[in-house]
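S.K.: Assemble chain B onto chain A, guided by the hints.
Residue numbers (our numbering), protein chains in the order written: chain A, 1 to 187; chain B, 1 to 310.
Since the hints were derived computationally from the structure, they do not count as laboratory data. In this text, all values refer to a predicted model and were calculated from it rather than measured experimentally.
To spell it out: a stretch of chain B is covered by chain A in this simulated footprint if at least three of its residues, at any positions, have a beta carbon under 8 Å from a beta carbon of chain A; those stretches are:
| id | segment |
| --- | --- |
| 1 | 14-26 |
| 2 | 229-235 |
| 3 | 256-265 |
Among chain B residues calculated to face chain A with C-beta under 10 Å, some are:
| id | residue |
| --- | --- |
| 4 | Thr30 |
| 5 | Pro31 |
| 6 | Trp127 |
| 7 | Leu128 |
| 8 | Gly129 |
| 9 | Asn134 |
| 10 | Leu300 |
Partial list, derived from the structure: chain A residues whose beta carbon lies under 7 Å from chain B:
| id | residue |
| --- | --- |
| 11 | Arg19 |
| 12 | Gly24 |
| 13 | Gly27 |
Note that beta-carbon positions come from the ideal geometry of N, C-alpha and C, so glycine has one too.
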Amino acid sequence: MNTRAIALAAALKKRRDVRQAVAGYTGVTVHFDPDQTTHDALGAAIKRLAAKRPPMAEPGRLHRIPVVYDGPDLEEVAARLKLSREKIVEVHSRPIYRVFLLGFVPGWAYLGPLPEELELPRRHVPRTQVPAGSVAIAGRQTGIYPLPTPGGWHLIGRTSVKLFLADSDPPSLFRAGDRVKFFAAKS
Amino acid sequence: MTTVLRVIEPGLFTTVQDLGRPQAIAAGVTPGGAMDRFAHRAANLIVGNAEGDATLECTLTGPHLVAEHSCLIAITGADLDSRVNGQAAPMWTGIFLGQGDHVTFGARRSGGRAYVAVAGGIEADRWLGSLSTNLLAARGGLHGRNLKAGDQMGAAREATRPAVSGRHLIENLRPRYDDHTLYVIAGPHIKRLDPHSRGELFGAAFKVSREADRMGYRLDGPRLATSGDELLSFGLTAGAVQVPHGGQAILLMADHQTAGGYPVVATVVSASMPVAAQLVPGDELHFKEVTLDRARQMRLALASAMDTLR
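Bound-form chain A, shown alone:
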């Protein structure tokens, strides 16, 4: 579904009456120019495009991200999941995750799916400040905090890789559809 959403967003972006099309997990948010088209006309065009199934984009780039697994929540996560720290590292760094969606703050990417063995609800009380580079999990998702922001995910590690690249365009290391593989690094 996410692959189709990304492909549809890419096809819609080429239209003159579309200002921006943003792929979500399973949908596309379309910003259109009401001087160029109407809601009904564009809606019909989107339906036609979606039915035609625009060509899928090439598989995204693969990023290998070194992680020092010493996050402040690692102990608690291990206790709640009844897994050893080593097992958490192994399970978290096993899959090749997909970049489903960029957003929340610049450079943030929703990665998943996280293996079921690591599934936990968000922290009850979010932190008011999470350090940049923190590697975190919540639900069936994982992600990296690109900037110091408040956050409610469980912090299991950290990386020195910069996610938010202010002077690049787009200013983000990851793009929707990219793939991400974590590996354990020494601190």
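M.R.: Structure of chain B alone, referenced to chain A:
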């Protein structure tokens, strides 16, 4: 760069803004731009600029500026008691400043955000296609931050048209910021509201809480009850009314986060966004549902008001 305006006092929170960077939202960067696009565009057109040129957005308390060179300016939006050399300065009107003239602001009379345009446009840093200030990334505007005392601002270019003072937006075309009815269309997740909450959304009064900034306003008022499974994250827009778990509605504004997963129960129509932009904490507001067609008519009415300045 030739300095046109020098900042003596920056005011509470003054930033450089234009029409934002809508194409950056796919990369997770907030679109930004002037909160009140009508006032921003009008200020530019009055001084002969393109409507996308950069202006100053002055929040609640305006700055104290001095003209280093003669220039033409216009002040629009909120009435913050603007003055030139101590004398009341007309709003929505081109004002000629001579070298050494002082622009000051006094007590807020209505609205929350005033806009100052300078003929030629304010020179600022371009980031991802826009001159708007993004504080989080520390990019755009004046070195990616709000104004501070001692800053110097230049005009981006020579004024393109003969710079004439006295051009103005006629009185009855100026926005009525004192009517706090925000027209909305039903949002994509309106069905998640229970019937009682739906009645409250379109009937009850809401109040802008103290948690209100360029990202959005938390609204005090009736708790809205939503149901259904957790939503998968999706793209957002300014004007969206989100309802998080606690039931306290949030109205997203220019610096909104680009994606989220809370139900969007209504979206403020573009013609009402200037009014929304001028709300300040404590202001009461009502949402009134309109059809998409009516929203389009309201938008066209604002556009033709703007056309009188071209």
